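*Asks:* All chains should be modelled from the sequences, with the hints used to inform the complete structure.
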Amino acid sequence: MQVDSAAMRANAGEYRSYDGSKSLKLEANGQVTSKKLQFDYTSWRVISTGEGYADIVLVRAGLDHEIEQSFRIDTSDHSLVIDQETFRLPAKPKK
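Going by our numbering, the letters in the sequence shown line up with residues 34 to 128, in that order.
Each hint should be verified, as a subset may be incorrect.
[To be verified] Pairwise CB distance ranges, derived in the manner of DEER restraints:
hint, residue 1, residue 2, range
1, 61, 99, 40 to 48 Å
2, 99, 125, 27 to 35 Å
3, 123, 72, 17 to 25 Å
If you're looking for bench data, these hints aren't it; they were derived computationally from the structure.
Quantities reported herein were computed from a predicted structural model and do not represent experimental measurements.
Ideal placement from N, C-alpha and C gives every residue a C-beta, glycine not left out.
*Replies:* Below, the structure is given as structure tokens:
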């Protein structure tokens with residue numbers, strides 16, 4: 034399996050819910066830290082990219098084997114929808 038390390042670096046960061054109570058931190062090395070989500074995801078990878086999006090897989094533990102779920106990051110506004118809730122990267126302050 035190939036890894037698109039440039040796309041992983043570009044989309045890494047802490048995606049937060051609107052009220053900030055939930056978050057999903059995607060590390061460039063493929064690790065995931067989740068806070069108050071329905072599932073505790075352990076890793077991620079980019080499976081494809083295109084104009085304005087990146088398709089990713091989040092991995093979580095299952096009873097017999099790991100479970101992979103596909104999601105799409107909107108790279109134009111840095112948002113990700115999980116369990117019908119939108120998570121966004123915080124805006125970087127302008128200098």
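*Asks:* If you test the structure against every hint from before, which numbers come out violated?
*Replies:* Violated hint: only 1; rest satisfied.
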